[in-house]
Structures are given as C-alpha cells and as structure tokens.
Amino acid sequence: AQSVTQPDIHITVSEGASLELRCNYSYGATPYLFWYVQSPGQGLQLLLKYFSGDTLVQGIKGFEAEFKRSQSSFNLRKPSVHWSDAAEYFCAVGANAGNMLTFGGGTRLMVKP
Amino acid sequence: DTAVSQTPKYLVTQMGNDKSIKCEQNLGHDTMYWYKQDSKKFLKIMFSYNNKELIINETVPNRFSPKSPDKAHLNLHINSLELGDSAVYFCASSHGGGTGELFFGEGSRLTVL
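Chains as they are written, first to last, in our numbering: chain A, 1 to 113; chain B, 1 to 113.
With the rest of the complex left out, here is chain A:
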C-alpha cells in the first residue's frame, strides 16, 4: 500500500525567505505525486503534479517540486515566500493518474512579516 510522510508539522519562515517542504512517499512502482494547498476554511487546490519526464516540475504561485526516486522524495520549494502563502500544504501519492490519492499529514506554513 502507498503512504506519504510529511516530517514537518509546522514551519515558520520570514517573508521573502526561501521555503522547502519535505515529502517522502512509499510505493512499489513509479508514483503519481501531487502537492495541494489548503487555505483556512477552504478546500484543497492543486499546486503541481508529477507523472513522468522531467523530475523538476513547475506549479502555480511560483512553486516547484523535485522528484528524487533514490530518496523517495518529492519536496516542494519556493525561492521567496509571500505572506499569502501561509496555509496548509499536503503532499499526495496515487497509484495511477485516476486512482484515489493518499495524502500526507500536512505541513502548516506560517509566514513572519
């Protein structure tokens, strides 16, 4: 069975600083990987996804993520964080593109002025 671990429950960064959110997955074959963002009181919105090909994927709002098979990781990065990026971030893995996704426990990002 697939699983996802997000080791950091909370992260606080200063506005303008760089950001990296960690995600490790467990799956026997090539996974389909996703990052979603959840603003307070809202549903989840897709930031980016990896299916195949280039291991560095670009997403919305200036986010990117890199798939590293050797480390079973799919970390999310942003070079300069904005106050509006404060939210809950979820990494997810799917066995195939249309399958039900398994989500990690989420990382809450707080942004200091």
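It should be emphasised that the hints constitute simulated quantities derived from the structure, not laboratory data. Do not take every clue at face value.
Capping the alpha-carbon separation at 27 Å, the derived lysine-lysine pairs in DSSO-like fashion look like this [unchecked claim]: (1) B:Lys22 / B:Lys36; (2) B:Lys19 / B:Lys44; (3) A:Lys61 / B:Lys41; (4) B:Lys52 / B:Lys71; (5) B:Lys44 / B:Lys9; (6) B:Lys67 / B:Lys36; (7) B:Lys41 / B:Lys22; (8) A:Lys49 / B:Lys71; (9) B:Lys9 / B:Lys71; (10) B:Lys9 / B:Lys67; (11) A:Lys49 / B:Lys40; (12) B:Lys44 / A:Lys68; (13) B:Lys41 / B:Lys67; (14) B:Lys67 / B:Lys52; (15) A:Lys68 / A:Lys49; (16) B:Lys71 / B:Lys22; (17) B:Lys44 / A:Lys61; (18) B:Lys41 / A:Lys112; (19) A:Lys112 / B:Lys40; (20) B:Lys9 / B:Lys40; (21) B:Lys22 / B:Lys67; (22) B:Lys40 / A:Lys61; (23) B:Lys41 / A:Lys49; (24) A:Lys49 / B:Lys36; (25) B:Lys9 / B:Lys19; (26) B:Lys9 / B:Lys22; (27) A:Lys49 / B:Lys44.
Given chain A, work out where chain B should sit, using these hints.
For chain B alone, kept in the frame of chain A given last:
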C-alpha cells in the same frame, strides 16, 4: 459558478441522528470522491464513485453510504452518528483515469454532540 459545491457548510447534530451532506459538481467529471479530514488535518479517502464502480475504503464504517442520483451529484449519508464522526468532510471530483487532479469543495464541518 462554484465548480464543486457542498451543503451544508456547517452541521451540528446529536449522537444517534442520521444526516446527509450533499455534493454537486458542474465540471462534467465522471468520478467523485468523499474525503474525511480529522482534527489533526489528516485527510483520508472514504469513497470513490463513478457511474460504473463504487470503491469503498474498507476502514469506513457501513453507517456511511454514498448516494449518487446522477453523474453530477454524490451525497454522503451517515446513520447513527457517533462522536468520532466529527470532522470536515470534503467532496472532490476528477476525470477518472485522466490527469489525477482532484477538484475539491470547500468542506462540510460536522460536529456531533
């Protein structure tokens, strides 16, 4: 227009009652889902449904049942509510077997007293 809409947004009820949460999507998707998000923000798939197949997460109690009057609707009915059912329930939809991107509703917060 909201792509995936859920009603009600908030629901407070007593233990033992039966309640339903409605979900509608206007995206033309053929697969809909219900996810449960607990107090620790952990998201867990409950059901995946299209017009051909219902996939049930085996850990979901049979007090929970999805009901789909048509392709654009997937309602969640819960019998004999328990305290542990308190959570935020998210409806989502996608093209089955497509990009794997889920479109989420804003959630329905259920509180069982």
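Results of checking the hints against the structure:
no.	hint	verdict
1	B:Lys22 / B:Lys36	holds, 14 Å
2	B:Lys19 / B:Lys44	holds, 20 Å
3	A:Lys61 / B:Lys41	holds, 23 Å
4	B:Lys52 / B:Lys71	holds, 10 Å
5	B:Lys44 / B:Lys9	holds, 19 Å
6	B:Lys67 / B:Lys36	holds, 16 Å
7	B:Lys41 / B:Lys22	holds, 21 Å
8	A:Lys49 / B:Lys71	holds, 26 Å
9	B:Lys9 / B:Lys71	holds, 22 Å
10	B:Lys9 / B:Lys67	holds, 19 Å
11	A:Lys49 / B:Lys40	holds, 24 Å
12	B:Lys44 / A:Lys68	holds, 25 Å
13	B:Lys41 / B:Lys67	holds, 25 Å
14	B:Lys67 / B:Lys52	holds, 13 Å
15	A:Lys68 / A:Lys49	holds, 14 Å
16	B:Lys71 / B:Lys22	holds, 13 Å
17	B:Lys44 / A:Lys61	holds, 26 Å
18	B:Lys41 / A:Lys112	holds, 22 Å
19	A:Lys112 / B:Lys40	holds, 23 Å
20	B:Lys9 / B:Lys40	holds, 19 Å
21	B:Lys22 / B:Lys67	holds, 9 Å
22	B:Lys40 / A:Lys61	holds, 26 Å
23	B:Lys41 / A:Lys49	holds, 21 Å
24	A:Lys49 / B:Lys36	holds, 22 Å
25	B:Lys9 / B:Lys19	holds, 13 Å
26	B:Lys9 / B:Lys22	holds, 10 Å
27	A:Lys49 / B:Lys44	holds, 19 Å
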